[in-house]
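Could you fit the two chains together into a complex? Lean on the hints.
Residue numbers (the numbering used here), protein chains in the order written: chain F, 1 to 240; chain Z, 1 to 302.
Hints are computed from structural coordinates only; laboratory data are not their basis. Keep in mind the model is a prediction, meaning the values are calculated, not measured. Note that the Cβ used here is the ideal one computed from N, Cα and C, for glycine as well. Check the hints yourself; a few may be wrong.
Distance windows between CB atoms, simulated [what the hints assert, rightly or not]:
id: 1; chain 1: F; residue 1: R107; chain 2: Z; residue 2: T146; range: 24 to 34 Å
id: 2; chain 1: Z; residue 1: T282; chain 2: F; residue 2: P194; range: 52 to 62 Å
id: 3; chain 1: F; residue 1: A189; chain 2: Z; residue 2: V10; range: 41 to 51 Å
id: 4; chain 1: F; residue 1: H135; chain 2: Z; residue 2: P276; range: 34 to 44 Å
id: 5; chain 1: Z; residue 1: T146; chain 2: F; residue 2: H135; range: 23 to 33 Å
id: 6; chain 1: F; residue 1: G78; chain 2: Z; residue 2: H273; range: 35 to 45 Å
id: 7; chain 1: Z; residue 1: P109; chain 2: F; residue 2: M162; range: 26 to 36 Å
id: 8; chain 1: Z; residue 1: H218; chain 2: F; residue 2: G78; range: 17 to 27 Å
id: 9; chain 1: Z; residue 1: H273; chain 2: F; residue 2: A160; range: 23 to 33 Å
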Amino acid sequence: MHFESGVGHIGGNLSCLDALLILHHEYIGASERFILSKGHSAGALYVALWSRGLVSDAQLAQFHRDDTLLAGHPPAAGLPGIRFATGSLGHGLSLAAGTALALKLKRETGMVYCLTSDGEWQEGATWEALIFAAHHRLHNLTILVDHNNLQGFGRTADVASMSPLGVKLGGFDVALQTVDGHDPEAIRAALEVPGNTCRVIVLETRKGHGVSFMQDRMEWHYLPLNEQDYRRALLEIEAQ
Amino acid sequence: MRKQLCDALVLRAPRPEMVFLTGDLGFMALEPLQDAMQERFINAGVAEQNMVSVAAAMAREGLEAWVYSIAPFCYARPFEQIRNDVAFHNLPVKLIGNGGGYAYGVMGPTHHAIEDYGVLLTLPNMRAFIPVFDEDLDATIDRAGTVPNPAYVRLGRGEIPPGYAVPAYAPWRQLVHGGGRTVIAAGPIAGTYLSAFLSLPERLRPNFWVVCELPLEHNPMPAALLEQIRSAGSLCVIEEHVRRGGLGSEIALFMASQGIAPAAFHHFHARAHHFPTYGSQTFLRGQSGLDVETVLAVIGKE
Numbered sequence: 001m002h003f004e005s006g007v008g009h010i011g012g013n014l015s016c017l018d019a020l021l022i023l024h025h026e027y028i029g030a031s032e033r034f035i036l037s038k039g040h041s042a043g044a045l046y047v048a049l050w051s052r053g054l055v056s057d058a059q060l061a062q063f064h065r066d067d068t069l070l071a072g073h074p075p076a077a078g079l080p081g082i083r084f085a086t087g088s089l090g091h092g093l094s095l096a097a098g099t100a101l102a103l104k105l106k107r108e109t110g111m112v113y114c115l116t117s118d119g120e121w122q123e124g125a126t127w128e129a130l131i132f133a134a135h136h137r138l139h140n141l142t143i144l145v146d147h148n149n150l151q152g153f154g155r156t157a158d159v160a161s162m163s164p165l166g167v168k169l170g171g172f173d174v175a176l177q178t179v180d181g182h183d184p185e186a187i188r189a190a191l192e193v194p195g196n197t198c199r200v201i202v203l204e205t206r207k208g209h210g211v212s213f214m215q216d217r218m219e220w221h222y223l224p225l226n227e228q229d230y231r232r233a234l235l236e237i238e239a240q
Numbered sequence: 001m002r003k004q005l006c007d008a009l010v011l012r013a014p015r016p017e018m019v020f021l022t023g024d025l026g027f028m029a030l031e032p033l034q035d036a037m038q039e040r041f042i043n044a045g046v047a048e049q050n051m052v053s054v055a056a057a058m059a060r061e062g063l064e065a066w067v068y069s070i071a072p073f074c075y076a077r078p079f080e081q082i083r084n085d086v087a088f089h090n091l092p093v094k095l096i097g098n099g100g101g102y103a104y105g106v107m108g109p110t111h112h113a114i115e116d117y118g119v120l121l122t123l124p125n126m127r128a129f130i131p132v133f134d135e136d137l138d139a140t141i142d143r144a145g146t147v148p149n150p151a152y153v154r155l156g157r158g159e160i161p162p163g164y165a166v167p168a169y170a171p172w173r174q175l176v177h178g179g180g181r182t183v184i185a186a187g188p189i190a191g192t193y194l195s196a197f198l199s200l201p202e203r204l205r206p207n208f209w210v211v212c213e214l215p216l217e218h219n220p221m222p223a224a225l226l227e228q229i230r231s232a233g234s235l236c237v238i239e240e241h242v243r244r245g246g247l248g249s250e251i252a253l254f255m256a257s258q259g260i261a262p263a264a265f266h267h268f269h270a271r272a273h274h275f276p277t278y279g280s281q282t283f284l285r286g287q288s289g290l291d292v293e294t295v296l297a298v299i300g301k302e
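Only chain Z is shown next, with the shape it has when bound in the complex (with noise of 0.2 Å):
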């Protein structure tokens, strides 16, 4: 999504409040922005903490500021920096992690970012954006870059089926229509699903949507989703982040507020770093169970 996450920036550049900082990442990637945006484009070097604290400043002299980085170095390294000078003081800091989940599977642990959203919604007034195909982006980046509020938007590799036709951003887009089961995913995984489902027969075919947005509280389930679940009696939550916090403690606690109790609920998440070995994005996501036959064994049973 990188060349796209560009696209849509430099599309955005022409505002002269705009300013953009990257943690001394970038390279063969936003070199065009860099073009773009001059002396408003800040590579802050290797020092995140400084680089969010920058922003939150720049932010509260009335600039629009974007910040940058492979996910773990956005979001887990300034993480005080996000919460006491971006989150507490409301200020619109734009905070973009590159590769979220297990995108970076192979670099080792350091680098997977699985427990990003939610540990930045736990602060004050965060929005997170997970945008699913490439074509997402540009509304994402619009989105993110509109709201009044510090904002989070994670990244990963967009993942489509040959010749699939991707619908327009909406905050909740439902991808499969069936008469099976009902499933909730976040992010690029839930293209890596969308062959399998769509395949199934009918009866046993999931009604499949897909979130951009949290929390739940700015982007509620819609109405249509929620008697979904109702007449299914169950639903499946796909995330590749770890279980606490994440979009099934989200879905279940806005189900809960709703009086919704379904009798089946199952979270199919990213294990932690538990692994004794490092892999592949997809070898990472079979380990957590994240993959396609181990998700089928549960949606495409009768």
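Only chain F is shown next, with the shape it has when bound in the complex (with noise of 0.2 Å):
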């Protein structure tokens, strides 16, 4: 859908894409919530709820185009399982951490997840958000972090390191694992921890996972596919 619409934000939409459909076919149901705070990996989302039938396969193919639902980042209104317009970094966890008080005060069940970029963590936003959530001690908040180390003009490392992430992140009264994000045991296993505080998952991920020419390359944040490249991904991850 990237290829026909002509647009990019790819790496970062593989770099996440293992968690989401975990996420969406097997942890979020009628009760829980998810936001995806890296608003730029809407493509994945968009995919994740095609999967699970909420999305149809004429709204796909409208991705990105005139009359579309499908914006480059999450629409505010109109699409089943997506609850507020993102892709202005770092308004998503305080979403997210305001979702999981509502619940706590009303007394409802179910989790709430939120997916994070690790550059977005640049934002003071998050860190007003992780105070939040930890300070209330938001038991049914589960954080997620895409750590693929790039973001849109160079590594993380180089542009503003926050490393290592994890140890800044533990550092709240937090509930902190680290996982491969491309390992779906690993992934489950992490989920499935039980916390009684808000829960901190990294997941270690390589932006442009699964197409060769694209792993851990910085341009492909923003570089649309042309149809060499397009043949040559989809000849690639069909051999896997």
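Okay, structure coming up:
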């Protein structure tokens, strides 16, 4: 769909696709909430929702086109499974924390899942949200960090390093885990660990995962696919 | 107005869906509300961006979320959160900004809120409520809490002359009747002109209105007011807000859409952050030409 629409952001979609599919197929039911804080991975989210039958083939074909609901970042309304328009980084975690606290006040069960990028932690508001979530011991909040080490214009370590990010996050009163973000069993195991405060799962991932010429390459944050790249990527993925 | 605000919110507090978030403000003022609301009163700390997004999410979950801070920290710091998380989703989050205009005058420019409702009313679905008198707060909170949209409440300090009988709340109220010019004001500053206007001879005494709810598409100018403007051929607008994007612009656009074009249009407004020194609200109003003498020099003229 990125090829057909001529748009980029593929690298950061592929780095979180495994976790998104597991979450949406195995963990998110009627009581759960999911917030995509790294809104530029909307494509991966649309695919996850499509694979659950929540987005139609026709809708998916309209990705990034005129008169579509499937904009380059999640829309404000109209798609089941998407609660907030995101895309400006640093908002999603606060929205997730507010949702989790609201559920607690309403005495409702259900986990709130929030997927952030790693570069996004350069936004000050993410830390405001983490302070809030830890303070209120939001045991019904699970934060996932797509730690692919690359951002829009460089390696995260070179742009504004937070390394080691896990140590910073774990400095708060949260339940921190770090797992291989492309190992389904490791992701499931982390999601199964209960916590009495908010859970943070750092997913060690690769930008452009699954396509050799995209993997861990910064340019695939933005670049669209040409036809030759697209055919090559398809062959590689089908061979896996 | 903080005491009246607190009283009005305490009246509303029995609603189980109501939550109140403060950005670590309200000491010596909101304790009764804290007592009344218990776990639904949340001090979100000095983190206004997070507070607004949290409120948006709570509203998305069906809760009635109120957010409180000193005005600039309520609308300016978290503007993108208001835009993206609240307004884009038309979530009924209620933002309360204390100290509208120059109310925190001598505290310095960071604490002035003189572009608040203008900025916020550029956003989709946003409503603004600007109570004039302390007595307006019950109605203001009731109305702001009832609209199914985001709302901003600009609080100030009610100022009325001794013995003045405050008229019952209405989105538009005519406070003074006369045969002179037509004047429209927003906010508590209106109270500062009452004595002077009432003491003018009838032929100069203005038809003086206050408006408490914006934008005008939800609160159109009354027919009687439009007729007075047509008849007088002039209009003065007074607001403790910068010139661009405020009540003056709103009124001018509304009148243009109605085919009304008074020959004279005088706009008294806050003059931004251009002063070399600081002082009280009264001082800064004077610097802006919003003081009674300056206004009277125009309004009270033959």
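What hints, given by number in increasing order, does this structure fail?
none
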